[in-house]
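For reference, the chains in residue letters:
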Amino acid sequence: MSKKVLMRGSQAIGEAAVRAGCRFYAGYPITPQNELTEYMAEAMDGLNDGTFIQAESELAAINMVIGASMAGARAMTSSSSPGISLKQEGISFLAAQELPAVIVNTMRGGPGLGNIAPSQSDYFQATRGGGHGDYRTIVLAPASGQELADLTRTAFEYADKYRSPVLILGDGMMGQMMEPIVFPEPIDVRTFSPKSWILDGAKGRPSRIILSLLLNPPEQEDLNWRLARKYEIITREIPMSESYMTSDANMIVIAYGTAARIAKGAVKRVRELGLKVGLLRPITLWPFPNRPLKELSRHVREFLVFEMNMGQMIDDVKLALEGRGNVHFYGRPGGIISTPDEIAKTINSIYHRQHLEED
Amino acid sequence: MKKTVFAGFGGQGVLMMGYTLALAAMDDGKEITYLPAYGAEMRGGTANCTVAISDEEIFSPVASSPDYAVIMNNPSLIKYESMVRSGGTIFTNSSLVTKTIGRDDISVIRIPASDIAKKLKEERITNMIMLGAFVAQTQLTSLDSIMNALSEIAKGKKSGLMKLNRKGLDTGAEYVLKGAQV
Chain A
1 MSKKVLMRGS QAIGEAAVRA GCRFYAGYPI TPQNELTEYM AEAMDGLNDG TFIQAESELA
61 AINMVIGASM AGARAMTSSS SPGISLKQEG ISFLAAQELP AVIVNTMRGG PGLGNIAPSQ
121 SDYFQATRGG GHGDYRTIVL APASGQELAD LTRTAFEYAD KYRSPVLILG DGMMGQMMEP
181 IVFPEPIDVR TFSPKSWILD GAKGRPSRII LSLLLNPPEQ EDLNWRLARK YEIITREIPM
241 SESYMTSDAN MIVIAYGTAA RIAKGAVKRV RELGLKVGLL RPITLWPFPN RPLKELSRHV
301 REFLVFEMNM GQMIDDVKLA LEGRGNVHFY GRPGGIISTP DEIAKTINSI YHRQHLEED
Chain B
1 MKKTVFAGFG GQGVLMMGYT LALAAMDDGK EITYLPAYGA EMRGGTANCT VAISDEEIFS
61 PVASSPDYAV IMNNPSLIKY ESMVRSGGTI FTNSSLVTKT IGRDDISVIR IPASDIAKKL
121 KEERITNMIM LGAFVAQTQL TSLDSIMNAL SEIAKGKKSG LMKLNRKGLD TGAEYVLKGA
181 QV
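For the protein sequence lines, the chains are A and B, in the order given.
The first sequence: position 279 = 279 (my numbering), numbered continuously.
The second sequence: position 35 = 35 (my numbering), numbered continuously.
Source of the hints: derived by calculation from the structure; they are not laboratory data.
Don't take every hint at face value.
Unchecked claim - Computed list of lysine to any residue pairs in SDA-like fashion (alpha-carbon distance at most 25 Å, straight line):
(1) A:LYS230 x A:PRO186
(2) A:LYS345 x B:ASP67
(3) A:LYS3 x B:ASP28
(4) B:LYS155 x A:PRO186
(5) A:LYS3 x B:LEU15
Said to hold, decoys possible - Which residues of chain B face chain A? A few of them, derived with a C-beta cut under 7 Å, are:
(6) THR33
(7) TYR34
(8) PRO36
(9) PRO61
(10) ASN74
(11) ILE78
C-beta: ideal position from N, C-alpha, C; glycine also.
Work out the full structure, taking the sequences as your base and the hints as a guide.
Written out as C-alpha cells, the structure reads:
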C-alpha cells in the first residue's frame, strides 16, 4: 500500500486516473478544476506512453477522447458545468458508439456562466443523459478525497466493463479541498486484456466500423435495445450508497457529495440532542440506489432531501419511495455552502412539527 | 475537533501556514481537512484557509464558528472576529492588525510578528513566527512536526531556508510562552 499523502481533490483524480491506466487526457481550462488539467499535463509528460492535449475547445477535447477510446486507450476529459454542457454532444456519441471514457464535472453555480463556487446544479444534466438521444450515463458522486481516488479507479473499470461513458460528479469545494489520501497501486497497462472492438489497424483481420449514424430504423432500434439491456444490467449490478445511523432512525436525510458531508455533521449534532435521524448518501447517482430507500420506507415516514440546488435529486428520491413517506426539501443554490447548524435546524423543525419525538 | 481559520492578504503566507499545519497534523496521525478559499481574484486580494484537525472523521470542512483564527490584517479581523466561537482564541499579527477587538468572551494573543521579523532582518519568516506562536499556544501539533512538514514541502530547497524557518517558529513560540497573552 502506498503512503498517505495530502492532496487537493482535483489532483487526486489526476493521480488516481494515471494509476488506473489512463494514458490519454484532453481538456480545456475552466475554474474551479484547472488543477486537474495542470496535473495531467505533468503526469502524462512523465510517462513514455501518455498523451496530454490542451484542446482548442471543450468540443475538441471530448472528440479527442472519442478518438483515443476508439483506439483502445483509457481516456479522460474534465471540465466544470458550462464546459460540460459543451461536451454533451460528444458524450451522446460515446454512448451511441459504446465507447468507454471518463468525464469529470467539477460543478459550479449556474445556469449560464454562473459563478465558480461549489454547487450541485448539474444533477439533472448528469443523471438524465445530458446530451440528445435515448441513453444513460453512469454517474459517481464522491464525498471525500479518498473516495475521489477510489471512485476514479472504479470509473475506469466500469467504463471498460460496460463500454459506456462514466461521469464523476464533484464540485468546486471537493476539487479545491485537501485531505489525506492513500492511493491504490498503479495498474500496469500491459496487463489489460486486449479489447476486441477497437480500431487499431485492420491488417490481417476483417475491418471494423464504429459509427453512430444508423439511418436504417431497425438497426437503430437494435442499438437502442442493446443499450437498454445494458442499462438494465448496470442498474442491477452497481448501485452504491452509504448509510449512517439509519438502523433506528425515524427520519432520514438524503444528500450526496459535499452536501452529504454537511448533512452528516448535522445528523451527528441532532443525534446528540436525542433525535433519531440517519443519513443515506447515494454514491452512484445513476443508477440511483433505490433499494436502501425502499427498505427504509418500511419504518421511516419523514425524508429530508438536502441539495446544493433548488431540488433535483428529490425527483429520484420520490421515484424510489413510490409514494411512501413524506419528502421534504432543503436547498442552497448559487454556490453557497450551508453549515451543519443550518441543516440541523431544518431537521429539528421537521422532526418536531411531525411529532417524531413521540414515536 | 479543532477548526482554525488563517486569514490575511495574498502574499503573506496565509495558505502556507494552514497547509503546513495540516500536513504536520496528518503526519501526527490525525484526521484533517485543508480548505483554501478561492475566488476570481488572486493577487493582492484576501486569502484565507480553514484547517480542521480531529481524532475522528471530519464531516464539514467549513468552519462556521472556528476555535481559532490567525489574523494577518485588519480586513480579516473585521470578517472573522464575530465568527470565532465563544471561548476561542484570536491570534493577531499586531504589527499590522491595529483595530481593537470588542469581544470579551474570547482570548486574544497579539504577536508583533512583522516587527519581530524586521528585527531579525527576515520579513519572509513573518508567517513562521505567527505559526510558531500558534502551535506553542494551541498544542495542535509540535514544532518538530511543523519542521518535518516544512522539509517535506520544501523538498530540494536550500537548507539555509529551513534554518530560517526554524528560527521564525522558535521565536514565535518563545514570544508566546514568555507570556504575550493580554
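- Taking 25 Å as the top limit, are the C-alpha atoms of A:LYS230 and A:PRO186 close enough? violated, 29 Å
- Query: Is the shortest C-beta separation between B:ASN74 and chain A less than 7 Å?
  - Reply: Hint violated; B:ASN74 Cβ to chain A Cβ min 25 Å, cut 7 Å.
- So, B:ILE78 near chain A? Judge it on the closest CB pair being under 7 Å. violated, 20 Å
- Message: Need the status of pair A:LYS345, B:ASP67: alpha-carbon distance at most 25 Å?
- Response: holds, 21 Å
- Distance restraint between B:LYS155 and A:PRO186, which requires alpha-carbon spacing of 25 Å or less: The hint holds at about 24 Å.
- Is the hint on B:THR33 kept, meaning its closest Cβ partner in chain A is under 7 Å away? holds, 5 Å
- Holds or violated: A:LYS3 to B:ASP28, with C-alpha atoms at most 25 Å apart: holds, 14 Å
- Query: Given B:TYR34 was flagged as interface, is its beta-carbon under 7 Å from a beta-carbon of chain A?
  - Reply: holds, 4 Å
- Message: Need the status of pair A:LYS3, B:LEU15: alpha-carbon distance at most 25 Å?
- Response: holds, 24 Å
- Against chain A, with CB atoms and a cut of 7 Å, does the hint on B:PRO36 hold up? holds, 6 Å
- When the least beta-carbon distance from B:PRO61 to chain A is tested against 7 Å, hint result: Interface hint status for B:PRO61: holds (6 Å vs cutoff 7 Å).
The structure fails to meet hints 1, 10, 11 from the earlier list, while all remaining hints are met.
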